[in-house]
Each structure stands twice: as C-alpha cells, then as structure tokens.
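Enquirer: Chains D and H, in that order, are what the protein sequence lines are. The working numbering applies: residue 4 is where the first sequence begins, and numbers increase by one. The working numbering applies: residue 70 is where the second sequence begins, and numbers increase by one.
Keep in mind that the hints were calculated from the coordinates and are not lab data. Given the structure is predicted, the values throughout are model-derived calculations rather than measurements. A few of these clues could be false.
[Stated by the list, open to error] Dumping the calculated DSSO-like pairs for lysine-lysine here, alpha-carbon to alpha-carbon at most 27 Å:
| hint | chain 1 | residue 1 | chain 2 | residue 2 |
| --- | --- | --- | --- | --- |
| 1 | D | Lys729 | D | Lys530 |
| 2 | H | Lys469 | H | Lys501 |
| 3 | D | Lys263 | D | Lys189 |
| 4 | H | Lys338 | D | Lys347 |
| 5 | H | Lys330 | D | Lys347 |
| 6 | H | Lys290 | D | Lys320 |
| 7 | H | Lys414 | H | Lys400 |
| 8 | D | Lys55 | H | Lys290 |
| 9 | H | Lys330 | D | Lys353 |
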Amino acid sequence: MRNPLAQLARTLVVAFVLVSSASAFGAEDDLGKTIYLQQCADCHGANGEGVKDAYPNPLAGDKPLVELTRVISETMPEGAPEECVAEDAEAVAKYVYDTFYSRVAQARNRPARVAFSRLTVRQYENTVADLLGSFTGSGHVNGERGLRAEYYDDRRYRREKRVEERIDATVDFDFGEGVPIPEKTKPEAFAIRWRGSVIAPETGDYEFVLVTENGARLSVNGERVVDRWVKSGDDRVHTGSIHLLGGRAYPLDLEFFTFKEKTASIRLEWKRPHHVREVIPERSLSPKGTPTTFVLQTKFPPDDASEGYVRGTSVSKEWYDAATRAALEVSARAAAVSGAADGKSADQLKQFCRTFAERALRRPLSDDEVRLYVEQPLANADDPVAGVRRATLQVLLSPRFLYRSETGDGVWDAYDVAAWLSYALWDSLPDQTLRDAAAKDEIRTRDQIAWHVRRMLGDPRTKSKIMDFSRHWLQFHHFAELAKDTEAFPGFDEHLVSDLRTSVELTIEHWLDSEKPDLRELFLGEKLWANERMAGYYGLERPEETSAFTLVETESRSGLVTHPYLLAGFAYDAETSPIHRGVFVARSLLGRRLRPPPIAVTPVAPDLHPDLTTRERVELQTSPASCRNCHNLINPLGFPLETFDAVGRLREKDGRKPLDVAGHYLDRTGRRTEFEGPREFARFLAESGEVHEAFAEQLFQHTVKQPAQAWGPGYLDELRNGFAEKEFDVKALLTEIVVDSTVRRAERLQAEVASAGDSDNP
Amino acid sequence: MSTFSTRRDFLRHVGASAAVLPFVGNLPSLAAAGPVRRKKRLVVMFSPNGVVPKTFWPDEAGELTKFKASLEPLEPFRDRTLTLHGVCDKIRGDGDSHMRGIGCLLTGIELFPGNIQGGSHTPAGWSTGHSVDQEIKRHLQSNPETATRFGSLEFGVVVPDRADTWTRMVYAGPNQPIAPIDDPYQMFAKLYGDRRNRAVVGSVLDDLREDLQRVRNAVAKEDRDLLEQHESFVRDMERELAASESAGLDHPVPELEQGVKEQNDNIPKISSMQIELMVAAFQADFTRIATIQYTNSVGGARMRWLGVDDSHHSLSHEPDSNEEAQEKLTKINRWYCEQLAHLAKRLDETPEPGGEGSMLDNTQIVWTNELGKGNSHTLNDIPFVLVGGGCDFKTGRAMKLPNVPHNRLLLSLAHGMGHEGLEQFGNPAFCKDGPLTGLS
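Given the sequences, and given the hints that come with them, work out the whole structure.
Expert: Put into structure tokens, the structure is as follows:
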C-alpha cells in the first residue's frame, strides 16, 4: 500500500516543473526503450504516433514526468498494470517523455517552421482601416498638443462674433457666474468651440464624458458621441462611447454654449481602456485635424496566443462567421466610399473596385482575377451600389485577403516582401511607397529593404505595435483587477492604479521616442514618471507646480522591475509575493520556461507564523525537495525586491525584522551570480545575456508572428549578438529582425524552389 | 441626434448592421403559427404650423357630408373618417407653443427647463415623459401574441438634421427623444438589411469556392489543413443560407427609386417611399405602431411643387386678412391631407394578412399638428383627424368637443389599441375624466 502522506505531499506541493531542455540518454533510457517496445508499442506505435483501432492518438502532452510515471505505474499496460511499476515505470516514462511526449521532444521531432497564417484580429482591423483610408485620406498629428479653441461673444458661432482664437491644453473650465474672456464676452450668452484630434493609445471602447450644466456636444471620428445641446433638467454628466483603434489620432469637435443660465462650466473627460475617468490630458490632444478612420464594429473571437504571442494559425466557425460579418460591414462602407450612389460612371466604379482589390490583396490582379473580383460582380448586380458591394465582398471573403500569402511556401516576389514588411511593423497592408517599390521590383536587396524599414519605423503604427508588445512583455494582463487591502493600504485606489499604469506607459513611450532606445535603460533608469497623486503616495519630491506627470528622482529604484505598478501587480493584497515577482523575472525577463503548478496552492497565511518575514515564510512553504527544482530558481529572483512592500513603497523592515534582500541566479550554463537589493539586481538583469536573448525572441515573435527557431537553430544567438553589438538599441534590433527575417526567408524560398526545379528535371 | 450612446448600439438597434446581428437567423417575423387575435395598428402622422380653421373644420357636428378644401383629398374615405374639434393641449410650463406643441403632443406632460429658446417664453429642454405610441408599444411588446420585431417604427420626411425640442415628437422616456428615420434607404436597411446581406453573400459563394481551391493548391501540404477547414465553413454557410431562404419571407419588399436625396424638393418622393415602407412593414408584421413626422414643429418646407415658394412657417404667421397666404396655407394642408389619403388608400387596397378585410380596417391613422392655428400659436383645437378602423371608433362623423384636454384622447387611443388598463397618461391633472366618451 502506498503511503498516503507521501501521496499527499506529492500532490499538494508547489510544483513549478522545469522543462528540461536537453535529455541525457543513458542506461535508464535503454531500459525504458526496451520496455516500451515490448509492452507499449503495439498500441501506441513504435514512435508514439498511435495505432488505428488500438490507441489512435499520438503520445504527446504536457504532463510532468512525475505525473506521467504515476499514470504508467497505476494504469499501464491496460488490464495488467502490475507488469510495469516502480523502476520499470520510471524508466519507460522517462523514455517516452524525452523521446516524443514532452514539448521539447515534440519541438525536436517537428522542427519549427513558418506557418501559413491568416490575418490576426489586430491585423484585420488595421488592414480595413488603412484600406478604406487609402481612398478617403489619412493623416498623422505632429508634436503640437492641446486643442484649437474659438471663443464667441454670442450663443452661436458667428464669425463676426468670434473674439479669440487660441490653443487650450485641456478642456476643464469653471467660469462660475463669470465669462471666459472678461472684456470680450458677456455671461448671458457665449459659445466656445474646440477642434483638433484625440489620440487613442490602445484599441478598445472609449467612454467620453462632458461635464457641464450648459449646452454642449461632442463628435469623435466623425460620429456624434455626446449630444447635450439641449439642456433638459439638471444632469451635468453626459457620456457616450465609441470603439477606437490604438495608436491613431481621430478628429474631435467639441461645441459649447451658454444662454441665460446662471453659471457656466465645461469639462472634457474620458475613460480609456484600463484607466479611470480623467480629464483628457494634453498629451492625448492635438490641435491638428485628421481625417476620420474606419473602425470595424464587428467583434472577432480572440486569436490563439498559446505559444506566448498572438498569431493567426488557426480558424474556427466563430472566426469565419465574424469574417463574413466584417466583410459585409466593410463592403457597405466601400460602396459608400466608391460614390456608386452618386452617379459615378461605370468606368470609375470599375477602376475603384480594381484598386480596392489590388490594395486589399496586396498585389496587382491578373486578367482572370480582374474578371473574378471586378468585372463579373459589377456586371451581375442589379445596380451600381450592389455591384460594388458584391465586388468588394468577393475580395474581402477571398482567402487571398484573409490569409497572408507571404507566409505560405512557394515563389516569393516583391509584393510578398512588401506585405511581409508592413505586417511585421504595422500589422497592416503596404502603403503607397511600398506598393510602388514592389511594382518597380526595388525591394529586393538588403539595402533596399533596410531603407524601407528605417522609413517605416517613424510611422505611429510601428510605435503602437511596440507599445502593444511592451504591455505583453511586462504582463499587463496580470494587472486588470489590481487592488489592495484598503485597511493596510489606504489611498491605494483605482485612481492611483490608473496613474501607475500611465507612469509605465510614459516610461516606455519616452524611451521609444529617443534616438537609440537602449534596453538597459529600462532596467537602470532611476527616475520615475509621477503626477501629484503618485508622488504624494510614494513620498517623491516634485519641484513642478503642475499636477501632470513629470520625471522625478527616486532613492533606490532602478528601472521597471522596481516600478510600483509591477511591484504592486506581482504581490498579494496585503503582503508581498517574492514568488510572483520571481516568476515574472524568470519567465518574461530571463525567458526561462516554467510550467504552472498542477494544482492551485494557497500560500501559508502570515498569521500562522507571525514571527516570520515573508521571505522566511516562502522559504518554509517551498522547502520540500519537490518544490526546490523550480523554487531554487524563482525565490532568489524575488527576494531582492523585498525592499518594496505590497504596493511598491520602500520599506525598512518586514514586520519587526530587518529585511534580507540577498538573491542569486544560476543561469542555463551553470554560472551563479549573486546580488543584494534592487539596484544590484536590476544591474544584473540589464547585463544578462539571457535577458537580451529573451527580449529579442519575444520581440521577434510579436513582430513576425512566427517562431524564431524557424530561421534556424543558431538564429537566436545571432540576434542576441547583433543586439549587443548595437549596444542594445531596440530600434536597431527591430530593424535587424525585420530585415533579416525578410532577406533570409527570400533566400531560403529561392533555394527551395531551385532544388525542387532540379529534382523535377534531373 | 440619436438616443443611442454608441454607434454599436445604433447599429444593433437599426438592425441594418451585419456587425452585430447574427448573420443568418433573426428572421423577421416573430408571429407564431396558429389562430391569432385581430391585429390592431396605430399610425400617428404629424404636419406642422397649425391649420386654416375655416378651410379645415366641418361646420357642424354629426354626419360628415362634405369636406372643406383642406380635407377634400379624404373624400374617398369620408365614411372612414372622424374629425375631432375642441381637443386642446393644456400643458403649460417652459417652452414656447411650438416646443410644447410637439413635445407635449404625444406625451401629455410638461417639458424640462432647459437652454433652448425660440421667439418667446422661457427656455426649455426635452419632455419629462414618454409618448403614448411608446406606451402602447410597451404594452404590445409585453405580450408574445402582439409583440413584433421592432415594436414601433419612427418615420420622418425631411426632418432637419439637428436634435432639439422642435424636431422630436416621440419619446422613449423623460429626456429620451427618439429621432425619426427620415432617410428611406436607412429605413429600408433597418427593415431588410439582413435579407439583403444574405443575398449578397450567397451571390459570391460559388466563385469563392473556386478561389479557395486555387489558393489551397498553391500552399504546402502542411498548411492545407487551415484552408480545408475554411472550405467546410463555406459549405456550412451555404447550407444555412439555403435554410434561411426556405424559411419563408413571402411578403413583398418594396422597390425604392435609388439616389433620392434628402432635400426640400424631394419631399413628395420621400413621402411616398416612406409610406410604401410603412405599409410593407405592417404587411410583414414588423411593427404595429408607426409615426410619420413631416419636417418638424415650425417646419419651413417650401412646396414649390404646388406653386408655393414661401416657407410654410413664415406663411403661417400671416394674419387671417392675408387671403393669399391663407389660400397657400390651405394648399399646403391639403397636400398633407393627400399624403394621409394616399396612406389610407394603400392600406385599404391591401388585404389584411391572415385576417379579414383590409389593413385599413385594422389600422387607426391619426393626423395631428403642434398648433391649432399658426398665426395665433394657440394650443386649442389641435387638429385631430382620425381615419381607419384600428380603434373601432364610429367614423363618418365630425365631433365638436367642449374644450377637452388632449390627454383624454391619448387615453382613448391607448384603450382603442387594447391597452385598457391605462388610467392616466402624461400629466394626471388632465386625465381625471378618463378617455373621451362618445368616440365609439
């Protein structure tokens, strides 16, 4: 009989299991192999591939070895489990695990390759926005911020009554019983109009809020979002929401007037995704107008992200239905844009449909394709509007639109290169410059491609994609419900959480705006972006007289691993969590592969050991040998951050005891590094080759949406070395990733086509 | 303006959107098979600026023997008509007569104080209550037997593109005006968008399958999986489309002339397009409540097609002594009456689907106005001309009522439509005597 206590210990322990990256074949494996072939292969196949009519599924999965051993020992061979137990079961489990079961073995047996992919949701949304925008116009804002304001000495916008024009940083005015401009306006009636653009940092639903007792209305992206022109009753807060794509600027028009009212005030606020309601800050407003952008309303199901990055390698019925609805939505807008209802000639409509198809499909049409996508649909429809709808629908539902031909095998031409570049950097289709270059076949050589990549880096869509990547890299999804014990941490409310998130976003945005954003700066920067509230809470000195965000000095912080948003996010409600902090560092920053524990483990409650520090409690709970495999790695990566409490404030002690902030790391080559406290720890991370490689790999996957290993087993080393040579300039790394992935893929496909040609014609 | 807070909400509401509705399914009629009680419908038709009493109202109460000039187009429906003289909008408070005239017409309750001001009186906002058509809609929608896809449809004809107290008659609730849809193509999309979407998707599927095959043959074997799944989805959709096709959409879809712009001179065309859509929507039982609002309170249509170049509102201010103006105003009201008669005719010539008689037998049309008379801005003797048999009122008559509050008529309409439990509507002070007596 098994020892029930030992059994319990095996299932209750914290079990982050390290996936071994190399398997040592030895005597044990010979034994395992022998047993496997004798007792298992009949049903599972010689290579675990499965046997029809016996056990058809391949032997592959993600159970840890210990669990696999237990299953074999207790249940296999079927009907006679006693024939394979103890050492025999362990040996065969290890053989199965190392040879084809584990994910490493799976990867070895089926090497990474470039997978044929469809557009991801983000790519689809950007593609249709830019596709329609290529007909209706597009534009970016410049560096100027705030909104253009016009003040009128009247309740209407009569030119002769316009008394002032200026730039207002924000719209947040309380005129009381007074007026905006004393000599020029009267309290009985005045009007103000603010125009310009609003910049949406992230894709999502934006709630816009007008707070006023007077008449006001707001349009965003050409849509009336809030209409309070008619004052009716005493409500002061008026809201409306609109879906916006991140990284783009949208036209904004805010009209305001007061008439025979006692007081006047107006405030323009928003609640952007993951933030609280706030006055729209100056940095998100531009006095420059922009054209409207087509924002798809159809919702797609989320893309697969099981490999740690979003990619388009699977389809489902839900996705297909959404693609059909989206195509209908886009084709209706396309018909409107074409002018089919406004008497455009047949030739003009034909030209429109052809251009639409060529841009959407990212290449010129053959004669057959012109018939399929343009001529037949136009000819077979009842009226011009229906014709354009049908023609554009034929394009939007086509696999040539929905899938990225450049991810398939076959001949690669200049149009594939152009699409490869634009999706890598923008998640959208090629612009006019890329299309022109492809048409002239001037996008072939490394220099030509590099020229385009450098040009494209300056586009806001690239920045948006890198911001998106940063949120992913820093695991922002962990912080969605960030809140703390209100007794232990009064004042740590949703407003502060929103500020903290803004602070990280500003850190990355400003870093990205620099000439050569050095990855190490994200670990070494000792200043923090903080506003009044944040500075007050974290005891930071702010010289400025403004409530807005500014960079301030800190005492012992060093880069993002010591940012209060991450420190608070990777912590419990009232206590710190060295394990959460350590797992983040191990996985996201050092790129170590950890599996989640197979069962949920409740941390030991502090009250049970009131005399222990958090560090001591964690060491106690993870002391069993089965925990040490992973926690030897995890815990010492969390301990140096014990300098900061559960909301990321500096602390002197943990309870009554002094802090122990020593930590260490054993890297994949067996080299041990020791560090003490956050600044030494951050310096170690900044210089760690594993951090550089993990960053490069994740950036590659996020950009290219393919496994980096598909570019060869040594490719990651090359990337990391190139990154180091360029002094960790992330823009240089991104350039390298995009240029290299393009050039090498072109070379490989060329070689394959050539060798296929050889074999066909020996 | 719309009362929808987002474009998504709007699209969901108009039903035109492929974006939100399930692509297949959502078939129009909710009516279940089996014996159905008699359908009753209500149409409120609005035209602005009051009438010319001497060419509008019959002189005597009692049997209608002959119409005066303004109502002459109704001659074929004289025995189906009931005119109500002496119904008065008693609602006071903020807002000028035009604002209260339209804002309290169907709501029977005061406006909120606000910042919108016309030529006189105090500024006001929206109505403090909902309108009677929406009250009846709620009643009908609460019962599966009378519930329809939309519950109500709000039509407009060249309503100015601004949301203020003068342009809104229908209210879903306090401060919740409903914008009439004055673009027939938008209304068409709301009614038939899904069906058209299904047709257009169906029309490209054949070529799509070929397209897919060609692309599939061009990709590597390992990658074909994805495209084969894709092909199976296309086949599924074909089957679903075929099923939805045979699910029976046997009512006709009106053919609209294309490219009619929303502008003054197109008012006659848009009017008849909207009437066609309304009749078709009733036939398909998409709704049993409809309103149709011509222009707006204070509307300034220039009926050049009648040889009247002046703005309707400016004309309505002319004194009674200006014979020429009164003649023109009579012409204008007569034109509105023609629209009413056309609607009655279209309903009369359409047999009641699944029922007896014509649709007009089961439809109550109410033609009304924000003012009694334009140059006095009176809210007394508001024009109420009732045509058809929806509420089972006794028709072929002219009634003279003794200065009764219009709230009582609103109650009569609700009761006539089967909402008998409604004891008061709008300002209770004007409902004490209950529904009007002697209508049926």
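Enquirer: Would you mind marking each hint as holding or not holding in the structure?
Expert: Consistency of the hints with the structure:
{"no.": "1", "hint": "D/Lys729 - D/Lys530", "result": "24 Å, holds"}
{"no.": "2", "hint": "H/Lys469 - H/Lys501", "result": "20 Å, holds"}
{"no.": "3", "hint": "D/Lys263 - D/Lys189", "result": "10 Å, holds"}
{"no.": "4", "hint": "H/Lys338 - D/Lys347", "result": "22 Å, holds"}
{"no.": "5", "hint": "H/Lys330 - D/Lys347", "result": "15 Å, holds"}
{"no.": "6", "hint": "H/Lys290 - D/Lys320", "result": "22 Å, holds"}
{"no.": "7", "hint": "H/Lys414 - H/Lys400", "result": "20 Å, holds"}
{"no.": "8", "hint": "D/Lys55 - H/Lys290", "result": "22 Å, holds"}
{"no.": "9", "hint": "H/Lys330 - D/Lys353", "result": "24 Å, holds"}
Checked against the numbered hints given earlier, this structure breaks none of them.
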